[in-house]
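Colleague: Assemble the whole structure, with the sequences as input and the hints as a guide.
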Amino acid sequence: MKILHLNTEKTWRGGEQQTLYLLQVLKERGIFCHLVCQPGSPMAQKAREAGLAVFPILMRGEADPVACYRIRNQIKTFQYDILHSHTSHAHTLAFFASLGCRVCRLVTRRVDFSIFRHSFLRLSGIKYRYMAEYFIAISHKIKDVMVADGVSAKRISVVHSGVDLKRFEGVTDDHLIQEFNIKPDEKVVINVAHLAGHKGQQFLVRAIPRVVEKFPAVRFFIVGKGELLAELKALAASLGIARELVFTGFRSDVGAFYKIADLFVMSSVQEGLGTAVLDALAEGKAVVATDCGGIPEIIRDGETGRLVEPANPEALARGIIDVLRDPQQAGRMAGRGQALVQNQFSVETMAENNLAVYRMLLSADVP
7 MKILHLNTEK TWRGGEQQTL YLLQVLKERG IFCHLVCQPG SPMAQKAREA
57 GLAVFPILMR GEADPVACYR IRNQIKTFQY DILHSHTSHA HTLAFFASLG
107 CRVCRLVTRR VDFSIFRHSF LRLSGIKYRY MAEYFIAISH KIKDVMVADG
157 VSAKRISVVH SGVDLKRFEG VTDDHLIQEF NIKPDEKVVI NVAHLAGHKG
207 QQFLVRAIPR VVEKFPAVRF FIVGKGELLA ELKALAASLG IARELVFTGF
257 RSDVGAFYKI ADLFVMSSVQ EGLGTAVLDA LAEGKAVVAT DCGGIPEIIR
307 DGETGRLVEP ANPEALARGI IDVLRDPQQA GRMAGRGQAL VQNQFSVETM
357 AENNLAVYRM LLSADVP
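Quick note, the sequence shown lines up with residues 7 to 373 if you use the numbering used here.
Note that these hints are calculated values from the structure, not bench results.
Since we're looking at a predicted model, the values are computed, not measured.
Yeah, the Cβ is synthetic: ideal placement off N, Cα and C, and Gly gets one too.
Check each hint, because a few of them may be wrong.
Pairs of lysine to any residue residues, derived as SDA-like cross-links and limited to a Cα-Cα distance of at most 25 Å, are as follows [what the hints assert, rightly or not]:
hint	residue 1	residue 2
1	K231	V275
2	K193	L241
3	K189	F227
4	K189	P333
5	K160	M366
6	K133	E68
7	K82	C107
8	K33	Y364
What follows is a list of derived Cβ distance ranges for each label pair [unchecked claim]:
hint	residue 1	residue 2	range
9	M366	G308	29 to 39 Å
10	A154	A202	20 to 30 Å
11	E320	P45	46 to 56 Å
12	E315	G290	20 to 30 Å
13	L64	H181	37 to 47 Å
14	K220	S258	29 to 39 Å
15	Y75	A240	43 to 53 Å
16	A223	D170	26 to 36 Å
17	F119	K239	25 to 35 Å
Modeller: Laid out in structure tokens, this is it:
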């Protein structure tokens, strides 16, 4: 079994972390894997540090003939069995690079919006019908969207993302308590996500004054960077919550924020699955999240956390208040959520389920 993984991203987001996790486990299992990614990218750097076989190829969009030529030479040299594309642009490049080659094209899809969302003349229908043999969706919600868009359910397997259960082992939070002057009686609520419209932080910011009315001793931390930072800061200033809400920007010590948290909030309006939610539950933290995308496959309302209506600051505030008001119930939900992640959402489980797809594709059982 020889697999070539393709990732075209120049930045580091959840999909790149999942790609790295998968490659690391496959290497441990002795599976022959190579990675094509952007030169100088975090993906290239982290994969090399992990001892993985990395082939940097500059990929300028999904219609780059030079990149296709170089990837094609890679395919001919190593005679891969599977091309596993981890981004939308990689999906297209892999198709054109492998025309005429005996190789199976596999694509992982991580977003829950329609395949036609940014499609010119609905050409994505051609891309998804003819330019890959098989797909992995990271949640059932994503599979449902793909099927509604015309992709055969027989060509899609659901493989949930996984998290490293020991990722934050040994992390301490003392420096954050000092840095932000967090008092012993203050509750800490965190959100960890890219600052973008679909992550819904604007609704979280609008919910905060309602929470502060009931719990004056509460501190909110939005951890991450993104294009909406200035807009969100302006909104917070207009609401008069400068003390209660801190925008931390990018932090390399994100694990420490999970440690100090009494509650994790996911405010998204679209979410493929939500690995930040998985990280919070793995740390035994209570979660309030929006009922969108693949999140309900992790958070079962009243059982592993609280689900609230998306894009609704009042509903989000009520969920946060309810959890902060009942620490015992919050602890019980967090415990059940932690057990769920340990049993179903580990990196090892994710990698094994990807491996099962590979085996199926190379057997006579391909749909």
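Colleague: If a hint holds in the structure, say so; if it does not, say that too.
Modeller: Now for the hints, and whether the structure bears them out:
Pair hint K231 plus V275 holds up; C-alpha atoms about 18 Å apart against a cutoff of 25 Å. At most 25 Å may separate the alpha-carbon atoms for a hinted pair to count; K193 and L241 meet this at roughly 22 Å. Distance restraint check for K189 and F227: the Cα-Cα separation of roughly 14 Å lies within the 25 Å cut-off, and the hinted pair is therefore satisfied. Restraint check: the Cα-Cα separation between K189 and P333 comes to about 18 Å, which is no more than 25 Å; the hinted pair holds.
With a C-alpha separation of about 12 Å, the suggested pairing of K160 with M366 holds against the 25 Å cut-off. Of the supplied pair hints, the one linking K133 and E68 holds, its CA atoms being roughly 12 Å apart against a limit of 25 Å. Between K82 and C107 the CA atoms are separated by roughly 8 Å; this keeps the pair inside 25 Å, and the hint holds. Proximity of K33 to Y364 is assessed by CA-CA distance (about 15 Å); at most 25 Å being required, the pair is judged to hold.
Taking the beta carbon of each, M366 and G308 are about 36 Å apart, inside 29 to 39 Å as hinted. About 24 Å separates the C-beta atoms of A154 and A202, a value consistent with the hinted range of 20 to 30 Å. About 48 Å separates the C-beta atoms of E320 and P45, a value consistent with the hinted range of 46 to 56 Å. Our hint of 20 to 30 Å for E315 and G290 holds, since their Cβ atoms are close to 26 Å apart.
Evaluation of the 37 to 47 Å hint for L64 and H181 yields a pass: the beta carbon distance comes to about 39 Å. A hinted range of 29 to 39 Å holds for the C-beta pair K220 and S258, which are about 33 Å apart. Checked against the hint of 43 to 53 Å, the C-beta distance between Y75 and A240 comes to roughly 47 Å, which is consistent with it. Checking the proposed 26 to 36 Å range against A223 and D170 shows it holds: the Cβ atoms sit about 33 Å from each other.
Taken as a hint, the range 25 to 35 Å holds for the pair F119 and K239, whose Cβ atoms sit roughly 27 Å apart.
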